[in-house]
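Join the two chains, each given in its own frame, into one complex according to the hints.
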Amino acid sequence: MMVIETAKGPVALPCLKVKVVDIDLVQANNYNPNSVAANNMALLEESILANGFCFAVVTVWDPDLGKYVIVDGFHRYLIFRDWLRAKQLPIIVLDHDISKRMAATVQFNRARGVHQVELMADLVRALVEQGLDDEAIAQQLGMEAEEVFRLKQVTGIAELFKNQIYSRAWEMVEVRDDE
Amino acid sequence: MNSMLKQVYVNKSVLEAAKERVSYIFDEFENIIVSISGGKDSTTLAHLVLTEAHGRGRKVGLFFLDEEVVYDSTVEQIDYLMNLFPDNTVKLWFQIEFNLTNSTSLIEGQLKCWESGKHKIWMRSKKPFSIQHKPWPQDKETVGNPIKGFGFYDALENFQNSRKNTAFLIGLRATESPNRWRTVSKNPGYKNIYWSTRKGNNYAFYPLYDWNFHDIWKYIYDNNLRYSKIYDYMYKKGMGIQEIRVSSLIHEKSFKALVDLPEFEPKTYDRLLKRIKGISIGNIYGKDAKMLRARTLPKNYKSWREYRDFLLATYPDEEKRTIFQKRFGRQLDNNYVARQQCRQLLLNDYENNLPIDNKPDPRDEAIKRWRELL
Numbered sequence: 001m002m003v004i005e006t007a008k009g010p011v012a013l014p015c016l017k018v019k020v021v022d023i024d025l026v027q028a029n030n031y032n033p034n035s036v037a038a039n040n041m042a043l044l045e046e047s048i049l050a051n052g053f054c055f056a057v058v059t060v061w062d063p064d065l066g067k068y069v070i071v072d073g074f075h076r077y078l079i080f081r082d083w084l085r086a087k088q089l090p091i092i093v094l095d096h097d098i099s100k101r102m103a104a105t106v107q108f109n110r111a112r113g114v115h116q117v118e119l120m121a122d123l124v125r126a127l128v129e130q131g132l133d134d135e136a137i138a139q140q141l142g143m144e145a146e147e148v149f150r151l152k153q154v155t156g157i158a159e160l161f162k163n164q165i166y167s168r169a170w171e172m173v174e175v176r177d178d179e
Numbered sequence: 180m181n182s183m184l185k186q187v188y189v190n191k192s193v194l195e196a197a198k199e200r201v202s203y204i205f206d207e208f209e210n211i212i213v214s215i216s217g218g219k220d221s222t223t224l225a226h227l228v229l230t231e232a233h234g235r236g237r238k239v240g241l242f243f244l245d246e247e248v249v250y251d252s253t254v255e256q257i258d259y260l261m262n263l264f265p266d267n268t269v270k271l272w273f274q275i276e277f278n279l280t281n282s283t284s285l286i287e288g289q290l291k292c293w294e295s296g297k298h299k300i301w302m303r304s305k306k307p308f309s310i311q312h313k314p315w316p317q318d319k320e321t322v323g324n325p326i327k328g329f330g331f332y333d334a335l336e337n338f339q340n341s342r343k344n345t346a347f348l349i350g351l352r353a354t355e356s357p358n359r360w361r362t363v364s365k366n367p368g369y370k371n372i373y374w375s376t377r378k379g380n381n382y383a384f385y386p387l388y389d390w391n392f393h394d395i396w397k398y399i400y401d402n403n404l405r406y407s408k409i410y411d412y413m414y415k416k417g418m419g420i421q422e423i424r425v426s427s428l429i430h431e432k433s434f435k436a437l438v439d440l441p442e443f444e445p446k447t448y449d450r451l452l453k454r455i456k457g458i459s460i461g462n463i464y465g466k467d468a469k470m471l472r473a474r475t476l477p478k479n480y481k482s483w484r485e486y487r488d489f490l491l492a493t494y495p496d497e498e499k500r501t502i503f504q505k506r507f508g509r510q511l512d513n514n515y516v517a518r519q520q521c522r523q524l525l526l527n528d529y530e531n532n533l534p535i536d537n538k539p540d541p542r543d544e545a546i547k548r549w550r551e552l553l
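Top line first, the protein sequences correspond to chains A and B. Going by this note's numbering, the first sequence opens with residue 1, and the numbers climb by one from there. Going by this note's numbering, the second sequence opens with residue 180, and the numbers climb by one from there.
The shape of chain B in the complex, shown without the other chains (with noise of 0.2 Å):
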């Protein structure tokens, strides 16, 4: 007999469940982690879980992966998160080197964050307290994709690899990444847990996973919580709030933050021009239909897939203009997929970070379909 998972609603609120959950969390595991990015419902499981922690006089570990090329809003919360109960806190500021694929430029299509010998230019100098170094052995460390070299999911992994019987507590909410969600949740990870997945000697935890939107930000009103700046300023630009992050500047998902970061952080702007090529064309263009986005066709090409054979001939990394290559031979010839892959070429995404849907044109089954009918 086959069963399924389904949604039960209990009557609890979630903020009296997530409570539980963590407090639950403290029982079972020795060492706890939370993992905290700057934004908002990381701000909001970190308070719990510090809350928690206080009250038993305990310790939690807060890691945090640092990117270098983040929002200063973005450093200054992580400050105030590992100073909110410092009796209670490990710092785990992580600023090791590792590569980030740079969206906005063809020619310098990565950045090595932290990188060694170039301090004269980096974001920021260095926390003093930070990690620095690699605290796995150099041997043992794994890397997923050998062309794009160790990247942002090689640290996460290397890191929780190198500890045992941990729980990391992350603030993964169901209805913001309901794909992510529904990987995550399809087996129990720990006991009979569905909230959480294993991951070697280690477990993740999601205890924010019911939460909404207007959850993480009626907790943050009540608890009187400091948020990153970029919110307010994003709204205030009248951006939809559901749609702001907080993340790395340069990726191929968030090379839009570009365009408003002069109004926000003039300075952060200014540093990143020096950092890395290609972000003044994030600023011009993120928005731009054409350039970036590959929304409209340029009025020079017949079609998406003139426009992609142009793109890929004038590519100008020779290493990656293969992998693409390889990619689209397996992937169908029509203008449907040829419009992503012009996507792919504009924002350099040879990891493939933006799949493309490889199904047949919707516009010429429609056709077919008509021409059947007529």
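For reference, chain A alone in the conformation it holds in the complex (with noise of 0.2 Å):
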């Protein structure tokens, strides 16, 4: 397999050794602790149709199944099987026992970022600058109206409270039990 050196020596590259499968021959795990929510399938949907498949899924073949179980992936899987109902699949084949194949999985899942509150808001902005509605933003990013809503509200929470009237002030007084 072809390498590319690194500062803590070659790293192979499997990224190149993708093979397009019939889909019946691959299988789910029955360890992966990931869950993905069901607004974020939508846009896991929207981003294959918008984007292709670039990603292939990570697998390890079973001689005793005579399937290739998934390592990373499942959720595109699902995807292409179930809500697009294609045929085929773009996968990669490791070499790795049970344990390590855990670990994989665990790592391909855990090692990702999140996205910084205040960076998604400018970048909903700069989308609403290029002539975007909300409804396009919110359904090309997989977000409720609300959260573009929110995303948008660049003039923070006090001003939601400027229209109000403070309240009437009150005491604590003494007063007598059979009052």
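Heads up, a few of these hints could be off.
Calculated cross-link-like contacts (lysine to aspartate or glutamate; reagent style EDC-like; alpha-carbon spacing at most 16 Å) [stated by the list, open to error]:
1. K19/A / D95/A
2. K416/B / D95/A
3. K198/B / E171/A
Not close to chain A: a few residues of chain B, all C-beta gaps over 12 Å, as computed [to be verified]:
4. N210
5. N278
6. L285
7. D333
8. N391
9. R405
10. D439
11. L490
12. R518
13. P541
14. K547
15. L552
Don't read these hints as lab results, they were simulated from the structure. From the three backbone atoms N, C-alpha and C, an ideal C-beta is built for every residue, glycine too.
Below you can see the structure in the form of structure tokens.
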């Protein structure tokens, strides 16, 4: 396999050895603790339709089952199989034993970033400035309309209270029990 | 004849009333210190007091006890407040060593903030003008809980005791902390004033006690004050705006903040990871029903009592385990109490900050009542 030299030695490049197999030959593993919320599944479908299938599903070959078992990419596989009813799937096959396989699944799941709220707000503003309306932004980024609205609110919380009037003051007064 | 306290509305707005209260304190006291936290309430109070000080050409102290492990936004807010009226402000920014509970780690259950020798991993460097050594004599220092050692409240108390004839102003509001308000307002502290308490040679005052949530925000808006960015972040995340807190990031009531921290202040989160253990646990499981909050029983246990016994038996710190054993020994042994005990164990709450409601299991009681009826 081709490698790239790095500061910590050669790194293998399984991403160059993608093959397309019959989707029925692929199946889920029984240990993946990851779950994708329904709204993000819709976003995943949107992404596959808009960008194509950019990353092959990572698998190992299980000789007993006669199937490729998924290490990473279960939800993309699900979209392809059930939502888009595809017959084939691009995969990479690793040569991992069971413990290495489980570790790889968690590594793939967890080693990813989150979106900083402020930068996300900047990004939404930039899309607005490019002429996209709220609905289009919500659909393309997989957000609810309210999330787009909140991100657009650059004025902050204090602004929401400007039209309030001050409450009436009160005091603690000692009164007799029988009053 | 018994008497009782009643809440009576007067014909003024809370703003007018608060200004009068602040003015009264200026008339009565030479020395005035406002406690600030970086939150919205103390921001409002500090601005009211500084405005009065400015009008009178006087100086007031702004006291901030820096817990080190706080949002950068909090630090920026304190900087802002201390520079609003520089001629009228005495900066009392305390950056001294004291112990904080770390509810996210059983192994490193305590953080000594600003610990000497660890300056390389401090969350940030100290302010050049800050107070970095305890300004009270060592032999007079009081410590509430010897197991915990010198903590946040000890620092507050010793600071207050080091002063005389001083009015300490605090942004406590009755609607926000009803229990605390009930305690402080039981008796007048200074003269006939119910919104004050006596503290040795000093007095604490609560001029915003009758303010509501929206009054605070209106004041901030009307006066165009800066406020901690955390409020906007959390609001954007859809969090109820009444729930937002700006305090220390690691204690038993605030660890949930770690879930969102990488999205709000990624740099603060990265520094926190290096500073103390358990942070990533708080980040991943801070809102999980089982791991830290003891909302639902993990599937491999039959009861909360069984889970508690297991947590206790495997608790990694001997000394603290003894504290828990003694405390639990004095409490009822039922599942209602055991669930709360599990929460204390999971959150490393050896200090008993999450007090246990020690009573018969309401479920058992209900069953008993039905049995009697049927």
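Hint by hint, here is what the structure shows:
1. K19/A / D95/A: holds (15 Å)
2. K416/B / D95/A: Status violated; Cα separation ~42 Å.
3. K198/B / E171/A: holds (14 Å)
4. N210: holds (25 Å)
5. N278: holds (31 Å)
6. L285: holds (22 Å)
7. D333: Holds, because the least Cβ-Cβ distance between D333/B and chain A comes to about 30 Å, which exceeds 12 Å.
8. N391: Per Cβ check, N391/B is inside 12 Å of chain A; nearest 5 Å; violated.
9. R405: Per Cβ check, R405/B is inside 12 Å of chain A; nearest 9 Å; violated.
10. D439: violated (8 Å)
11. L490: Nearest chain A Cβ is 22 Å from L490/B, so the label holds.
12. R518: holds (25 Å)
13. P541: Given a closest Cβ separation of 33 Å, the condition holds.
14. K547: holds (37 Å)
15. L552: holds (38 Å)
In the structure shown, a violation is registered for the earlier hints numbered 2, 8, 9, 10, in ascending order.
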